[in-house]
Amino acid sequence: MPIFFILFIVVPLLEIGLFIQVGSRIGAMPTVALVVLTAVFGVLLLRWQGLATLMRARGRMQQGQMPAREMVEGIMLAFAGAMLLTPGFFTDTLGFVLLIPACRHALFNALGKRIVVGGASMNPSWAGPTHPADGDVYDGEFSRTDDVKNDPSLPKK
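Numbering (UniProt numbering), first residue to last: 1 to 157.
Hints were generated in silico from the structure; no laboratory data involved. Be a bit skeptical, because a hint or two may be false.
Stated by the list, open to error - SDA-like mimics (lysine to any residue), calculated; alpha carbons at most 25 Å apart, straight line: (1) K113 to P101; (2) K113 to A102; (3) K113 to G50; (4) K113 to L45; (5) K113 to P67; (6) K113 to V97.
With the hints as extra help, turn the sequences into a complete structure.
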């Protein structure tokens with residue numbers, strides 16, 4: 001319940017107060033223009049950062065590693081985008097803070113100790129399993145059913 005109170009009561013009241021403060025100093029139209037400008041600039045930065053994160057995730061997957069950091073950063077960037085598109089100075093500030101890679105890394109490090117994916121902690125130094133756990137290795141052979149009739153090593157029926 002407290003999170004909904006903050007989201008739907010405190011944040012809008014804070015934004016209204018900031019609008020009044022900024023509007024009284026620079027005027028109504030410049031205030032509106034500033035909100036629109038921060039949204040446009042933020043979305044451009046978000047697009048650039050999002051593509052960079054996507055490329056890093058793709059590179060890690062091609063190396064056979066789990067892109068845990070990149071997935072969490074993608075979620076943070078989506079949240080930053082929502083904050084930047086929400087009119088207001090407080091939400092824009094939150095969005096811009098999440099666009100700073102060092103802030104995202106610090107948040108990931110703080111959250112990484114608490115998040116568990118597939119039984120493994122999302123510790124920033126974790127780059128995927130380096131060796132299988134005891135009992136998780138299976139040895140076997142397989143063949144495709146469509147190759148059975150063309151395989152010379154198999155007996156003919």
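So, going through the hints one by one against the coordinates:
1. Under the criterion of a C-alpha separation no larger than 25 Å, the hint pairing K113 with P101 is consistent with the structure, at around 19 Å.
2. Only pairs whose Cα atoms come within 25 Å are accepted, and K113 paired with A102 is accepted, the gap being roughly 17 Å.
3. For the hint pairing K113 with G50, the CA-to-CA distance comes to about 24 Å; that is within 25 Å, so the pair holds.
4. For a cut-off of 25 Å, the pair hint linking K113 to L45 is broken: about 28 Å separates their Cα positions.
5. Distance restraint check for K113 and P67: the Cα-Cα separation of roughly 16 Å lies within the 25 Å cut-off, and the hinted pair is therefore satisfied.
6. Taking the CA atoms of K113 and V97, the gap is near 21 Å; set against the 25 Å cutoff, the hint holds.
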